[in-house]
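Asks: Listed below are the residues making up each chain.
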Amino acid sequence: EDQVTQSPEALRLQEGESSSLNCSYTVSGLRGLFWYRQDPGKGPEFLFTLYSAGEEKEKERLKATLTKKESFLHITAPKPEDSATYLCAVCFQYNNNDMRFGAGTRLTVKP
Amino acid sequence: DAGVIQSPRHEVTEMGQEVTLRCKPISGHNSLFWYRQTMMRGLELLIYFNNNVPIDDSGMPEDRFSAKMPNASFSTLKIQPSEPRDSAVYFCASRKLRGTFNTEAFFGQGTRLTVV
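Protein sequence lines, in the order shown, are assigned to chains A and B.
1 is the number of the first residue of the first sequence in my numbering; add one for each residue after it.
1001 is the number of the first residue of the second sequence in my numbering; add one for each residue after it.
Hints listed in this document are in silico derivations from the structure and should not be mistaken for laboratory results.
Mixed in with the good hints, there may be bad ones.
[As the list claims (entries may be wrong)] Below, computed lysine to aspartate or glutamate pairings styled on EDC-like, alpha-carbon distance capped at 16 Å:
#	chain 1	residue 1	chain 2	residue 2
1	B	K1096	A	D98
2	A	K57	A	E70
3	A	K59	A	D82
4	B	K1078	B	E1062
5	B	K1078	B	E1018
6	A	K57	B	E1104
Predicted model, so just to flag it, every value in this text is computed and none were measured.
Produce the entire structure from the sequences given, and follow the hints as far as they go.
Replies: What follows is the structure, encoded as structure tokens:
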């Protein structure tokens, strides 16, 4: 049973076309939700940590938000260099606080 | 800080051979993860350690896989014997435990394993 679900699987945007990526989770007892960016051939690169519903974090064109059941990664006016796979990971109290990843959203930004 | 260091970066081996992957976590971090990434299954958690102690190894696919963390600055993931279906990118990640809430983990560059 999937506990972390990301959507869409792939997203193609034109440069400047804002959009949002979704990460939903089905288990209570969240102890941290993390967003990562992964470029081909590299390890995931940390972007944001969120702990509580209502929390928001921002960095350049990216903004992450959290509710009780999902998180959104908003991308404002994206550029081609934002093309990457964006991964969401969660830590749940019930499973010893390990870190489980969603399948990711592959973002392509065309100039 | 040099970040999480993994070696080798690439490994090609023949089926049946033993493979050892190595990881040096970030200094001061006391939690370490081993993940495997494939196109079909994404990032799968294999095992993780807190303070050098294995906490959950339920993700280790078979008895052919074993992991150790003899001290705070070194961990190994061993596959013996290796099989072609073990081909994947293996990542190590580390983080600093801080009370109730979990901090972010930092990843190495991965080891690309090919078993022929």
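Asks: For each hint, tell me whether it holds in the structure or not.
Replies: Structure-based check of each hint:
For the proposed pair B/K1096 and A/D98, the alpha carbon gap of about 13 Å is at most 16 Å, so the pair holds. For a cut-off of 16 Å, the pair hint linking A/K57 to A/E70 stands: about 15 Å separates their Cα positions. Restraint check: the Cα-Cα separation between A/K59 and A/D82 comes to about 12 Å, which is no more than 16 Å; the hinted pair holds. Between B/K1078 and B/E1062 the CA atoms are separated by roughly 11 Å; this keeps the pair inside 16 Å, and the hint holds.
For the proposed pair B/K1078 and B/E1018, the alpha carbon gap of about 7 Å is at most 16 Å, so the pair holds. Among the hinted pairs, A/K57 with B/E1104 is consistent with the structure: their alpha-carbon atoms are about 14 Å apart, no more than 16 Å.
Checked against the numbered hints listed earlier, the structure breaks none of them; every hint is satisfied.
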